[in-house]
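Protein chains: 2
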Amino acid sequence: MTIGFIGLGIMGRPMSKNLIKAGYKLAVYDKFAKFDDLVALGAEGASSNKEAASKSDVVITMLPNSPHVKEAILGPGGVIEGIGPGKIVVDMSSIAPAASREVEEALKAKGAAFLDAPVSGGEPKAVDGTLAIMVGGDQKSFDTVKPILEKMGSSVTLVGDIGSGNITKLANQIVVALNIAAVSEAFVLAAKAGVDPVKVFDAIKGGLAGSTVMNAKIPMILDGNFKPGFRVELHIKDLQNALDTAHKLGVPVPLTAAVMETLQALKVDGMVASDHSAIIRYYEKLAQIEVRK
Amino acid sequence: MTIGFIGLGIMGRPMSKNLIKAGYKLAVYDKFAKFDDLVALGAEGASSNKEAASKSDVVITMLPNSPHVKEAILGPGGVIEGIGPGKIVVDMSSIAPAASREVEEALKAKGAAFLDAPVSGGEPKAVDGTLAIMVGGDQKSFDTVKPILEKMGSSVTLVGDIGSGNITKLANQIVVALNIAAVSEAFVLAAKAGVDPVKVFDAIKGGLAGSTVMNAKIPMILDGNFKPGFRVELHIKDLQNALDTAHKLGVPVPLTAAVMETLQALKVDGMVASDHSAIIRYYEKLAQIEVRK
Chain A
5 MTIGFIGLGI MGRPMSKNLI KAGYKLAVYD KFAKFDDLVA LGAEGASSNK
55 EAASKSDVVI TMLPNSPHVK EAILGPGGVI EGIGPGKIVV DMSSIAPAAS
105 REVEEALKAK GAAFLDAPVS GGEPKAVDGT LAIMVGGDQK SFDTVKPILE
155 KMGSSVTLVG DIGSGNITKL ANQIVVALNI AAVSEAFVLA AKAGVDPVKV
205 FDAIKGGLAG STVMNAKIPM ILDGNFKPGF RVELHIKDLQ NALDTAHKLG
255 VPVPLTAAVM ETLQALKVDG MVASDHSAII RYYEKLAQIE VRK
Chain B
5 MTIGFIGLGI MGRPMSKNLI KAGYKLAVYD KFAKFDDLVA LGAEGASSNK
55 EAASKSDVVI TMLPNSPHVK EAILGPGGVI EGIGPGKIVV DMSSIAPAAS
105 REVEEALKAK GAAFLDAPVS GGEPKAVDGT LAIMVGGDQK SFDTVKPILE
155 KMGSSVTLVG DIGSGNITKL ANQIVVALNI AAVSEAFVLA AKAGVDPVKV
205 FDAIKGGLAG STVMNAKIPM ILDGNFKPGF RVELHIKDLQ NALDTAHKLG
255 VPVPLTAAVM ETLQALKVDG MVASDHSAII RYYEKLAQIE VRK
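From first to last, the protein sequence lines are chains A and B.
So the first sequence is numbered by this note's numbering: it starts at 5 and just counts up by one.
So the second sequence is numbered by this note's numbering: it starts at 5 and just counts up by one.
Think of the hints as simulated: they come from the structure by calculation, not from any bench.
Take the hints with a grain of salt, since some may be wrong.
Heads up, the list lumps identical chains together, so a pair's fine if it works in one copy or across two of them.
What the hints assert, rightly or not - Here are the computed lysine-lysine pairs in the DSSO-like style, where the Cα-Cα straight-line distance is at most 30 Å: (1) Lys252 / Lys297; (2) Lys155 / Lys35; (3) Lys241 / Lys155; (4) Lys35 / Lys59; (5) Lys209 / Lys231; (6) Lys297 / Lys74; (7) Lys241 / Lys289.
Everything numeric in this text was worked out from a predicted model, so none of it was measured.
Modelling step: build the complete structure from the supplied sequences, incorporating the hints.
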């Protein structure tokens, strides 16, 4: 079985390396990035999305957002021109669920299957092959590609039909953003009241207020360390998809909209490349205090 | 050593029982509730706050909010009339930090020490003696009462000077309320998009979106079970104290203010006695869908 891998950025590159390590034959392509290193590891280089697809049984895409996925799959020289019955395209990008459904329609007309399979975990887990992968699509295609996905992730869950993977990812990103805002409001209040944030962390992390966000981000915040991790600009993209999707579905999400505005404020401050835990910087600025050790 | 215990409600009653079980001599009093059961267990009944205090070395109060604490300690026939040098008053209620400081001033003038020591964990942990207790005050008084507090809690942390216990509790309650709102917006969106909320829970709980709130509340929400737990009306009280404190200190907390409004909407709907996870009912109503198994 040959796997086409399109999109060799911060995430796609280590993910494709894990597939090569697992013994899969790869046909790789990226419109902008070089991939000599992957060819040196045994992958075949392709000269277009179409060529990567035509050489493969399963095609994986890992791209920034909906327009990039639609262009790479449906655009001129795209995956759709190299695809046919029996082939499966797996989009592991985080995009709008409506875009996933649009791509599926077009591929179905050519006899190919499509799964949306966005990931959670960021670069470190892409490198380790321990991503959480949330899949939308049909059971048969899922069963076929599951062994491949398991080489990139430690948790691979079929959550529903096409688009469900990205719906689940948006739900994940809403919770993460709001949980960061939650610890931000709480710890800035405590710090301004003169209470040692290290002691507040110790006192509350084991109770109902505990969260993976608190455990992961408060130690970084206490060090003033906002190196990504997961960049503000990517969370802006995800929340924009969340807001668009929510509004189309008729689901008011006022707190998601509010935390989006704090991310926009960070963008104005030139912090798009900071870790999303920099949401606390917004509150620190408002309250004129820093939450530090 | 005799311990005065004032306030024998849902929380204070099991807490005082744990002290009796541990072998302490208690003098108990409650302005409204009967306490025959505690007397039957060996406690001495007092006829006023003053009498409970005059018979004791350490006085614990466990009352609804700031006005009740101020009345019981500083009011006519209050603790302050039965107190003197060397005695320690420990208020375990969740109240405004400014009220704790006011009470401390008055008790200090009489030579007595004061600690604010609010708890987290609710009735089940009060019964089990596994509360998280966050203490503000001086190290010496803390060291004296710590063995007593350890009979009621599994975690007893001195977080700072007087008022710091309640600041920490407010930080805790901000995080809890916002984490409930976070899973509410996320799961209502997923449900309205037609994705099985059970699968969303399975797919995201192990990642960065994971939280104690998600693990504790989503299974109840999926069952449509909003039995408290922790009542909406109590979270309203805590967030009012959080907002008042934040505004006095100069800390804007816009998301805390927003989630307070969802609790107010539940109050309008007659749900003050529901568990605070009923915050999701606000969103379910807006989106005209229920997040259920």
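Each hint tested on the structure:
1. Lys252 / Lys297: between (44 Å within a copy, 24 Å between copies)
2. Lys155 / Lys35: within (25 Å within a copy, 65 Å between copies)
3. Lys241 / Lys155: within (27 Å within a copy, 50 Å between copies)
4. Lys35 / Lys59: within (17 Å within a copy, 82 Å between copies)
5. Lys209 / Lys231: Answer is both: 23 Å inside a copy and 24 Å across each meet the 30 Å cutoff.
6. Lys297 / Lys74: neither (46 Å within a copy, 34 Å between copies)
7. Lys241 / Lys289: both (24 Å within a copy, 28 Å between copies)
The structure fails hint 6 only (numbered hints given earlier).
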